[in-house]
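Read off the chains here:
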Amino acid sequence: MRENLHRFFRAARGAGVHVSPAESIDAMRAVAQVGFSDRGILRDALLLTLAKSQDEKLALGDCFDLFFSQPEPRQEQEANDNDTPPEGSQPPSPDAANDAGGGQPTEGLGPLAQMLLSQDRNAIAAAIASAAGAASLSDIRYSTQRGIFSGRILDAMGLQRLRDDLDELTAANPSLAERLRTALEGLREAVRDTVAQGLALYAREEAENLRNEILRNAPLARIEPRQIEEMRALIRKIARRLRERYSKPRKRQRRGHLDVRRTLRRNAAWGGVPFLTAWKRKHRDRPKIVALCDVSGSVARVSDFFLLLIHSLHEVVDDVRSFAFSSHLIEVSDILESNSPEAAMTEIMSKVGFGSSDYGSSLEDFEHEFMSTLTPQTTVIVLGDARSNNLDPRADILRRISERSKRLVWLNPEGRMVWGFGDSEMPRYATFCSLVRQCATAQQLERAVSDIVASYQ
Amino acid sequence: MADQKASTSIEAVESGLAAQGYIASRQIATAVYLSQQIEKPILVEGPAGVGKTELAKAIAAWRGMKMIRLQCYEGLDEAKALYEWKYAKQLLYTQILKDKLGEVLGGAQTLHAALDQLHDFGDVFFSKEFVEPRPLLQALEQPGGCVLLIDEIDKSDAEFESLLLEILSDFQVTIPELGTVSAITPPTVILTSNSERDLGDALKRRCLHLHIGFPEQRLEERIVESRVPGISQTLRRQMVGFIHEIRTLDLKKLPSVSETIDWARVLVLLQAGELDTEIVKDTLNVLLKYEADIEAAAPHVTTFIAKAARSNVFG
Chain A
1 MRENLHRFFR AARGAGVHVS PAESIDAMRA VAQVGFSDRG ILRDALLLTL AKSQDEKLAL
61 GDCFDLFFSQ PEPRQEQEAN DNDTPPEGSQ PPSPDAANDA GGGQPTEGLG PLAQMLLSQD
121 RNAIAAAIAS AAGAASLSDI RYSTQRGIFS GRILDAMGLQ RLRDDLDELT AANPSLAERL
181 RTALEGLREA VRDTVAQGLA LYAREEAENL RNEILRNAPL ARIEPRQIEE MRALIRKIAR
241 RLRERYSKPR KRQRRGHLDV RRTLRRNAAW GGVPFLTAWK RKHRDRPKIV ALCDVSGSVA
301 RVSDFFLLLI HSLHEVVDDV RSFAFSSHLI EVSDILESNS PEAAMTEIMS KVGFGSSDYG
361 SSLEDFEHEF MSTLTPQTTV IVLGDARSNN LDPRADILRR ISERSKRLVW LNPEGRMVWG
421 FGDSEMPRYA TFCSLVRQCA TAQQLERAVS DIVASYQ
Chain H
1 MADQKASTSI EAVESGLAAQ GYIASRQIAT AVYLSQQIEK PILVEGPAGV GKTELAKAIA
61 AWRGMKMIRL QCYEGLDEAK ALYEWKYAKQ LLYTQILKDK LGEVLGGAQT LHAALDQLHD
121 FGDVFFSKEF VEPRPLLQAL EQPGGCVLLI DEIDKSDAEF ESLLLEILSD FQVTIPELGT
181 VSAITPPTVI LTSNSERDLG DALKRRCLHL HIGFPEQRLE ERIVESRVPG ISQTLRRQMV
241 GFIHEIRTLD LKKLPSVSET IDWARVLVLL QAGELDTEIV KDTLNVLLKY EADIEAAAPH
301 VTTFIAKAAR SNVFG
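Protein sequence lines correspond, in order, to chains A and H.
FYI, in the numbering used here the residues of the first sequence are 1 to 457.
FYI, in the numbering used here the residues of the second sequence are 1 to 315.
Mixed in with the good hints there might be a few duds.
As the list claims (entries may be wrong) - Over the 12 Å line for every Cβ pair with chain A, so calculated as not near, a few chain H residues:
1. Arg134
2. Glu216
3. Lys253
As the list claims (entries may be wrong) - Label-pair distances were calculated between CB atoms; the ranges are:
4. Asp55(A) x Thr185(H): 31 to 37 Å
5. Glu213(A) x Asn194(H): 32 to 38 Å
6. Asp334(A) x Pro47(H): 55 to 61 Å
7. Ala278(A) x Gly144(H): 40 to 46 Å
8. Arg197(H) x Gln443(A): 27 to 33 Å
9. Pro274(A) x Ser226(H): 54 to 60 Å
10. Ala48(H) x Arg407(A): 45 to 51 Å
11. Glu74(H) x Asp451(A): 29 to 35 Å
12. Asp201(H) x Ala200(A): 25 to 31 Å
13. Pro274(A) x Glu103(H): 25 to 31 Å
14. His18(A) x Glu177(H): 34 to 40 Å
Said to hold, decoys possible - Restricting the straight-line Cα-Cα distance to at most 30 Å, the calculated cross-link-like pairs of lysine-lysine (DSS-like) are:
15. Lys237(A) x Lys57(A)
16. Lys80(H) x Lys280(A)
17. Lys57(A) x Lys252(H)
18. Lys57(A) x Lys253(H)
19. Lys280(A) x Lys406(A)
20. Lys280(A) x Lys89(H)
21. Lys280(A) x Lys86(H)
22. Lys57(H) x Lys57(A)
23. Lys57(A) x Lys155(H)
24. Lys155(H) x Lys289(H)
25. Lys307(H) x Lys253(H)
26. Lys155(H) x Lys80(H)
27. Lys280(A) x Lys155(H)
28. Lys237(A) x Lys289(H)
29. Lys66(H) x Lys86(H)
30. Lys307(H) x Lys252(H)
31. Lys252(H) x Lys57(H)
Keep in mind that the hints were calculated from the coordinates and are not lab data.
Heads up, the beta-carbon is just placed ideally off N, CA and C, and yes, glycines get one too.
All chains should be modelled from the sequences, with the hints used to inform the complete structure.
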């Protein structure tokens, strides 16, 4: 039964419920108190100890029902075999029942063949369950393993012996052999179902993790169209995590050390006895971020994700101004703040997107209209590949931007290897940046933004 | 054997709470039973007015223990929740005892000896005398145990949650001036939350997580029966049925159990024998707390009454 509980924890993790070792210990203690006999109470106890939110409760409840719908591996198999099967489990065909009960020459056959011929569904289900345990079905992770596990379970049930029996019977008693063959087909199907159920129980999380892991490290520019939705979901997840981590209420935790001078002055009336204390306030930079995002044709796919992330930045940090450009530059802060991510992106793309990039004139636009937004507290983030179609890169403007701001961070979706080749002006721009990062995958994107936001906390 | 004992104990919890007028679903009873057996706090979530706070009161009454309540709010800190150090009193004592100190130290010949003697008295100035216990510390200090209700934990700040962690897992708390204070008898801790803010994982991990939603019809009838004794069965069925219909509407605030009970009392007071459109329309404001909700529900009243009456016949 302990074993069963452990398998259930694994299944629960598969269903997306976080079950830490400490929680599993709690659950075991709880189960030790309530016992297994009443399934309803057992369900309640597990839900109470393991699930930490209403969503998790629902997921875990489903998982519980699915898990305990499988018969447990039973010990009293032999006893069942000898009993006459209960009326309800008999198949409707009467001659089959007659054959099984009617003293047919089944003596020489193996246990599996006898079980199949007797059509005792309970015994068969129990045998499948115990064979599934023996084949450690709970280790199944990927759908490609279905065949292997089916094979293992069938082997554990004695498929080899059954084959031999079949060979013998084909010559001796063809009609019985035919029935056995049909029964075997049924068995294969039942095992396939068991494995599919096992996959549903145990593999969900692993498969999802693997897919996310692959996505996380996949180059943004080379995401296939069918993966874009998943990628968006992943970026949104990253954005949510950033938001959770950094958007804690900022007003507290600002009390610093005791301000001795002010304390003494305030308490002069009591002869310097410190009745009232005065505290220093921690000084904190107000986050100011200016983001410039390249949305030209060459980085169109990546800029989609960039904009998504900038959108989330707007929710985390109070003071963000965003600009998008390809051949000329516009401010997009309002669009991002008043729209859903998708709507904002479509609007931005329709206004300035997909053009051929001209960093020089875009930087000129910025200098003419928005240079005054930069203060010595501002972090400027440029997201782009620095490919300017051989037009004047105007690196001098970037230098002035860098001089006016606190930091200038450049995130480039291209690999370092190709910086400076073709029309890439990256090396020239890089001299004026405080930080240059390659930012081609979701993971790199997350780290970069996390660093930027963290420096303000 | 163990199973037998366990299931009767859950029933014991159920009947014990019922004796206090709290009709618990089996899940609630299981949670209360488990929290006693494995000494874990219960975090109760659910909409307002379904009896989260009542549960704590019922447990305290049933087990004959004192209930200590800590109402959480934004800005609640350890000085208000745990203990406060009475600096002024300490200072006053020091001033008054100055002469006494002189006497004590007068005997010492050297500075070193004086320091040693002072050492012996050091603990006097960091004693419980100067600690003003607040609810959390009070709860730990109850010799016979108690029920500690930490109400609306979601209203407090994240920092306060961290402060609770030590108490919730080990039933002890560390006071810098005094050291660690452990509970004499671990209190039964009930935390309630309306999910206004997501609680931290660390807090959730230390608790049994109980969600109390709106009760099923039968359960709610039993609750009304126990809370409003004078009400006829017909009326009870009808009004609970009616409320369940109301809860299917998209309202700002759905009526919860406390509103059901209020309404039942009002109906008894008006000596209503059955629901009819007139009386429902007159008393809808007991059930619904927003003008917009009342307006939204008004057109459905007649059909809902009919439905409730029908379910009464078949139920």
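Now the hints, each set against the structure:
Under the 12 Å C-beta cut-off, the non-interface status given to Arg134(H) relative to chain A holds; the minimum distance is some 20 Å. The claim that Glu216(H) is not at the interface with chain A holds, since no C-beta of that chain comes within 12 Å of its own (minimum 14 Å). Chain A leaves Lys253(H) outside its interface by the beta-carbon criterion, the shortest separation being 18 Å against a cut-off of 12 Å. For Asp55(A) and Thr185(H), the hinted distance range of 31 to 37 Å is satisfied, since their beta carbons lie about 36 Å from each other.
Here the CB-CB span from Glu213(A) to Asn194(H) is close to 37 Å, well matched to the stated 32 to 38 Å. For the hinted restraint 55 to 61 Å between Asp334(A) and Pro47(H), the CB-CB distance of approximately 37 Å leaves it violated. Restraint check, Ala278(A) to Gly144(H): a C-beta distance of roughly 43 Å satisfies the suggested window 40 to 46 Å. Roughly 29 Å separates the CB atoms of Arg197(H) and Gln443(A), a value that falls within the hinted 27 to 33 Å.
Distance hint for Pro274(A) and Ser226(H): a CB-CB separation of about 57 Å, consistent with the stated range 54 to 60 Å. Look at Ala48(H) against Arg407(A): about 47 Å separates their beta carbons, and that is inside 45 to 51 Å. Distance hint check for Glu74(H) and Asp451(A): the Cβ-Cβ separation is about 31 Å, which falls inside the suggested range of 29 to 35 Å. Our hint of 25 to 31 Å for Asp201(H) and Ala200(A) holds, since their Cβ atoms are close to 27 Å apart.
Look at Pro274(A) against Glu103(H): about 27 Å separates their beta carbons, and that is inside 25 to 31 Å. In this structure the hint that His18(A) and Glu177(H) lie 34 to 40 Å apart at CB holds, the actual value being about 38 Å. Our distance criterion of 30 Å between C-alpha atoms is met by Lys237(A) and Lys57(A), whose separation comes to about 22 Å. Annotation: proposed proximity of Lys80(H) to Lys280(A) holds, straight-line Cα distance about 22 Å (limit 30 Å).
Straight-line distance between C-alpha atoms of Lys57(A) and Lys252(H) comes to about 25 Å, which keeps the hinted pair within the 30 Å bound. Between Lys57(A) and Lys253(H) the alpha-carbon distance is near 24 Å, which keeps this suggested pair within the 30 Å criterion. With a CA separation close to 25 Å, the supplied pair Lys280(A) and Lys406(A) stays within the 30 Å bound. Straight-line distance between C-alpha atoms of Lys280(A) and Lys89(H) comes to about 26 Å, which keeps the hinted pair within the 30 Å bound.
Straight-line distance between C-alpha atoms of Lys280(A) and Lys86(H) comes to about 23 Å, which keeps the hinted pair within the 30 Å bound. Restraint check: the Cα-Cα separation between Lys57(H) and Lys57(A) comes to about 26 Å, which is no more than 30 Å; the hinted pair holds. As the CA atoms of Lys57(A) and Lys155(H) are separated by approximately 23 Å, the hinted pair is consistent with the 30 Å bound. Taking the CA atoms of Lys155(H) and Lys289(H), the gap is near 22 Å; set against the 30 Å cutoff, the hint holds.
At most 30 Å may separate the alpha-carbon atoms for a hinted pair to count; Lys307(H) and Lys253(H) meet this at roughly 22 Å. Only pairs whose Cα atoms come within 30 Å are accepted, and Lys155(H) paired with Lys80(H) is accepted, the gap being roughly 15 Å. Taken as a hint, the Lys280(A) and Lys155(H) pair is honoured in the structure, with Cα atoms around 27 Å apart against an allowance of 30 Å. In summary, the hint linking Lys237(A) to Lys289(H) is not supported, as the alpha carbons are separated by about 37 Å, beyond the 30 Å threshold.
For the suggested pair Lys66(H) and Lys86(H), the alpha carbons sit about 26 Å apart, so the restraint of at most 30 Å is met. With a CA separation close to 23 Å, the supplied pair Lys307(H) and Lys252(H) stays within the 30 Å bound. For the suggested pair Lys252(H) and Lys57(H), the alpha carbons sit about 28 Å apart, so the restraint of at most 30 Å is met.
When the structure is compared with the earlier hints, violations turn up for hints 6 and 28 and for no others.
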